[in-house]
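Participant: Here the protein sequences come in this chain order: A and B. So the first sequence is numbered by my numbering: it starts at -18 and just counts up by one. So the second sequence is numbered by my numbering: it starts at -18 and just counts up by one.
Don't read these hints as lab results, they were simulated from the structure. C-beta atoms are modelled at their ideal positions from N, C-alpha and C, and glycine is treated no differently. Any given hint might turn out to be false.
The list that follows gives simulated cross-link-like pairs (lysine-lysine, BS3-like), each with its CA atoms no further than 30 angstroms apart [unchecked claim]:
#1 K298/B with K146/B
#2 K358/A with K219/A
#3 K358/A with K217/A
#4 K355/B with K251/A
#5 K355/B with K168/B
#6 K379/A with K262/A
#7 K23/B with K23/A
#8 K(-16)/A with K355/B
#9 K298/B with K23/A
#10 K358/A with K298/A
#11 K217/A with K168/B
#12 K251/B with K(-16)/B
#13 K251/B with K219/B
#14 K168/B with K251/A
#15 K262/B with K298/B
#16 K262/A with K219/B
#17 K251/A with K298/A
#18 K262/B with K23/B
#19 K358/A with K168/A
#20 K224/B with K(-16)/B
#21 K251/B with K379/B
#22 K23/B with K262/A
#23 K(-16)/B with K(-16)/A
#24 K379/B with K262/B
#25 K251/B with K262/B
#26 K161/B with K355/B
#27 K140/B with K23/B
#28 K262/A with K224/A
#29 K217/B with K262/A
#30 K217/A with K262/B
#31 K(-16)/A with K217/B
#32 K379/A with K168/A
#33 K217/A with K251/B
#34 K219/A with K262/B
#35 K379/B with K168/B
#36 K(-16)/B with K262/A
According to the in silico footprint, chain A covers these stretches of chain B (three or more CB under 8 angstroms from chain A) [said to hold, decoys possible]:
#37 62 to 74
#38 170 to 179
#39 249 to 260
There are 2 protein chains.
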Amino acid sequence: MRKIAITGIGHTVFGNLSDFDLVDIMAYASLDAMEDAGILDKRDIIEQVIVSNMGAGILNHQTGIASSLVSRLGLEPAMAELVENGPASGGSAIKIGFMAIASGFVDVVMVTGGEVMRGVTGWEATDFVATLLHPEAEYNYGLTLPAFGGMYTRMYMEKYGLTEKDLALIAVKDHENGSKNPYAHVKVPCTLEGIFESPDADVVNNPIAEPLRLYGMCPVSDGAASIIMCAADSPKMKYFTQKAPVYIVGVGSATDTHCIHQRENPLELKAVRKSAEMAFKMAGLNPGDISFAELHDAFVILEVAISEEIGFFNRGKAKEAIRRGETRINGRLPLNTSGGLKAKGHPLGATGVSQVHELVKQLRGEAEEGRQVKNPKHGLAVNFGGFGNNVVTIICSKG
Amino acid sequence: MRKIAITGIGHTVFGNLSDFDLVDIMAYASLDAMEDAGILDKRDIIEQVIVSNMGAGILNHQTGIASSLVSRLGLEPAMAELVENGPASGGSAIKIGFMAIASGFVDVVMVTGGEVMRGVTGWEATDFVATLLHPEAEYNYGLTLPAFGGMYTRMYMEKYGLTEKDLALIAVKDHENGSKNPYAHVKVPCTLEGIFESPDADVVNNPIAEPLRLYGMCPVSDGAASIIMCAADSPKMKYFTQKAPVYIVGVGSATDTHCIHQRENPLELKAVRKSAEMAFKMAGLNPGDISFAELHDAFVILEVAISEEIGFFNRGKAKEAIRRGETRINGRLPLNTSGGLKAKGHPLGATGVSQVHELVKQLRGEAEEGRQVKNPKHGLAVNFGGFGNNVVTIICSKG
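Okay, chain A solo, but in the shape it has when bound (with noise of 0.2 angstroms):
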């Protein structure tokens, strides 16, 4: 197959950004990755767009928004398609991305993912979001995704002894790297007396979905990420200035039941093994060769469920990673480098190419201070669909 290089990464702050049009934002995200291409003035040279984002129908009344970013960019006559897959979009518009250069068709591709979803209330997003379930036998019975993150958390709990103590010790770890991340939507750090301790410890602790509180899981955010690819044996590679090549070198994704209540074991996430898997197959890697990782924290669970179901650490030891401080920044596996869904945030559609932003960051060592992870080879990023029902896994490694 094809080698694949990432020209170009681009980013726009997450947060409330309800007043921008959802393809505005997507294009400053798009020409933000152009630049640091050093392609705004040869951005012709585009073939293919494929835009990652789940909700502009429902959200933003919105359709065919891909011709919309293209003609927004003056990229005609590039080829453009959405691609989504819910939380998930990102990851399954890179994979796309990927067979497009793979399969000959074109050289170079541009993967853009944005959504702006705060200007709906918390009921609606929750209601938005709750689409992916299944119609007739979980929506109509109003289960929700938090509604599944807390099941899910306290069934874990309850088998591995993971305890709440645990749990936000990720989300201190999110917040810490999330604090140094200029695209982060909460740049507040936070400390395990803040969560337990603080005069506000009742606002904090106030339940969501049992055993789920505020800081376990991520904010509703707005935002827009970008990567350009170009294959490294195209002759295009030449207008391309950036000059730390980063290059993806894994792609899996797989598909588990879309109803929960089908899993023989709900704790088991057989799309995120399989995907993993396929990627890993793919690079030729391990997971022990793997520097750092960015893993689809939605609810702070799933950084330890993924981690473990991936084969970072084995079923029910992550907590103890955790403890000892192994998945900090400075730890032996950093996990969420960005600040994760939990800090840097979770506009859907953009969090799988945003993920995928943060790896190559990372592996060109141009990360903010106190948050670069020290000489990484290989990055890996896990976006998670559904509650688990659609999963891509993505590697990079430094060229």
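Given chain A, put chain B in place with the hints provided.
Facilitator: Structure of chain B alone, referenced to chain A:
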């Protein structure tokens, strides 16, 4: 690039299916394709599912339906994504399925497109389709697709001397073909007299968007279509029992300005021409090699405009071929043998897949009596997104 065969095709009837769930009708079309392919009991050879759909979010309050379809069919852990490109979502999904196989990532892909859009009233349906226009420069001013269709029709008539009778001749041909297609939404033939002189002429000729009337545009339809593709060099070809292989030999897509007012000549459909040029180049074919074609006649004028833009006729000359009956089923170049969008119907996400379904059916020699093209070798489909802002062309050939 790898040679890719279409090994199975499936279809629901097009019409009013608003009592059915969107994913259920997509599952029906998928099962129909699996049955045609002979893999109902070996469906686990499907490695990637691509769903094409435009309105699940707005019309059906569902997202993540690619995972939903996979699970409804028991295809886990097959990879799955939804591809959206307005009314050209189906063509885009086939293009991306083609890339997935050509890249060597997978050997077997199922592409299923569907739309359930009659659950909303006429006004809401028009509003829904208008979401693909520019949100600030077009949509906010109340512009709709029929408005653009009417404007385009009037401009074309004035420039090239096309008459209302010429347009009616296309409707008559499409209804004639549709009346013989069991999947067609509108199975009632019509005549010139019926259109212009019937006692109902006032109703029939009530303007929708001058000069567009009832017979100038497609109905609002529900429906789904599916195709299964396999790399011709794959050992998995042995599982398919369908003995009349049809190959995808050309694929092209291109974008034009999102806003119509930005086009120097609004009659020119640049994305149509470029996507066709790309597909012809890949196929090593010329317009004169094509035996028959499905052209996206959401408004009948588009059959005329597209047929000229891709080189079947010189500009302004299609009307002469129409008057001579050359585009009828036994003519020199049959167009919209399925009945086209005009009579078969236009469930947006299904249309591009349905067009290729028709190419395969004709190339196999399996079309119903009275609408089978004589010994066709190459068929072409143009799937038109937005008002020509994102167009996909696909060419299929007999093995």
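Participant: Go through the numbered hints given earlier and state which of them the structure violates, listing their numbers in rising order.
Facilitator: 4, 7, 8, 9, 11, 13, 14, 18, 27, 38
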